[in-house]
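Chain B: place on chain A using the hints.
Number of protein chains: 2
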Amino acid sequence: MKYLVVYDISDDKIRNKVSTRLKKFGMRVQYSAFEIEIKKTDYIKLYKEIASIIDKTDSVFFFPLSSYSESLILKLGQVKREEDVI
Amino acid sequence: MKYLVVYDISDDKIRNKVSTRLKKFGMRVQYSAFEIEIKKTDYIKLYKEIASIIDKTDSVFFFPLSSYSESLILKLGQVKREEDVI
Chain A
1 MKYLVVYDIS
11 DDKIRNKVST
21 RLKKFGMRVQ
31 YSAFEIEIKK
41 TDYIKLYKEI
51 ASIIDKTDSV
61 FFFPLSSYSE
71 SLILKLGQVK
81 REEDVI
Chain B
1 MKYLVVYDIS
11 DDKIRNKVST
21 RLKKFGMRVQ
31 YSAFEIEIKK
41 TDYIKLYKEI
51 ASIIDKTDSV
61 FFFPLSSYSE
71 SLILKLGQVK
81 REEDVI
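Note that the protein sequences, when read in sequence, are chains A and B.
Per my numbering, the first sequence starts with residue 1, numbered consecutively.
Per my numbering, the second sequence starts with residue 1, numbered consecutively.
Same shape as in the complex, but just chain A (with noise of 0.2 Å):
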C-alpha cells in the first residue's frame, strides 16, 4: 500500500533519524513529506518505530494513498528531491 508521510520534528536528529527510516521504503516529495510503498507488516514496524522516536510535541501523519487519489494528486511546483536537502 503506498503512503504520503508528513512530519512536523523540531529536532534535528530526531527528523534525520526518521527521514533516514522512510527513505528505505520509498521517496522524498518535499522537506517533512514522503511517498513511501510498504507491506502492512513493515507499516506496522515503521509506525510503532517512529512513535518511539518522536517527542511528544512532534507530529508525524500517514495518509493512504489509494490508486484512484493518488491519481487525483495536484502538485504544483517543484518535487523535492533528496539533494534539494540539506
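Keep in mind that a hint or two might mislead.
Copies of the same chain are indistinguishable here, so a pair counts whether it falls within one copy or spans any two.
Here are the computed lysine-lysine pairs in the BS3-like style, where the Cα-Cα straight-line distance is at most 25 Å [unchecked claim]:
#	residue 1	residue 2
1	75	24
2	75	56
3	75	2
4	75	23
5	48	75
6	45	75
7	40	23
8	75	13
9	17	48
10	56	45
11	17	56
12	56	13
13	24	39
14	24	13
15	24	2
16	13	45
Worth flagging that the hints you see were computed from the coordinates, not collected in a lab.
Leaving out everything else, chain B in the frame of chain A:
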C-alpha cells in the same frame, strides 16, 4: 470534497499568504499542512491563486481525502493548532 494541502514555501510572506487563504477553507494540522473542505469551483480558484503566488522552487501538494481514506489516516503526536504557529 476534503483535501490535505502540504507545502514547502521558502519565503515567509508567500507562505503566510498561502496559509491565510487555506485558513478560509479549513484548519492547520501541521506547520506546513492544512486539511480543507472546499467546493470544486472554489478549489479551482484557490489552486490558480496559489499557483500565481508561489515561487517555482516552492511546492504545494493537494491530496484528495475520500471519507474512506480519511478514516485510515494515522496521526502520531500533536496536531499543530493555529496558536502554535508564530
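Structure-based check of all given hints:
1. 75 / 24: Both: 23 Å inside a chain and 21 Å across chains, each within 25 Å.
2. 75 / 56: between (30 Å within a copy, 12 Å between copies)
3. 75 / 2: Result: close both inside a copy and across copies, 17 Å intra and 16 Å inter.
4. 75 / 23: both (20 Å within a copy, 19 Å between copies)
5. 48 / 75: between (29 Å within a copy, 12 Å between copies)
6. 45 / 75: Answer is between; shortest inter-copy Cα gap is 15 Å, intra-copy 29 Å.
7. 40 / 23: within (17 Å within a copy, 34 Å between copies)
8. 75 / 13: The answer is between: 21 Å across copies meets 25 Å, while 29 Å in one copy does not.
9. 17 / 48: For residue 17 and residue 48, the Cα distance is within 25 Å only inside one copy (14 Å; across copies 36 Å).
10. 56 / 45: The answer is within: 19 Å in one copy meets 25 Å, while 37 Å across copies does not.
11. 17 / 56: Intra 16 Å, inter 29 Å, cutoff 25 Å: intra-copy only.
12. 56 / 13: The answer is within: 15 Å in one copy meets 25 Å, while 29 Å across copies does not.
13. 24 / 39: within (12 Å within a copy, 37 Å between copies)
14. 24 / 13: within (17 Å within a copy, 35 Å between copies)
15. 24 / 2: Within one copy only: 13 Å inside a chain, 30 Å across chains, cut-off 25 Å.
16. 13 / 45: within (20 Å within a copy, 39 Å between copies)
When each numbered hint is compared with the structure, no violation occurs for any of them.
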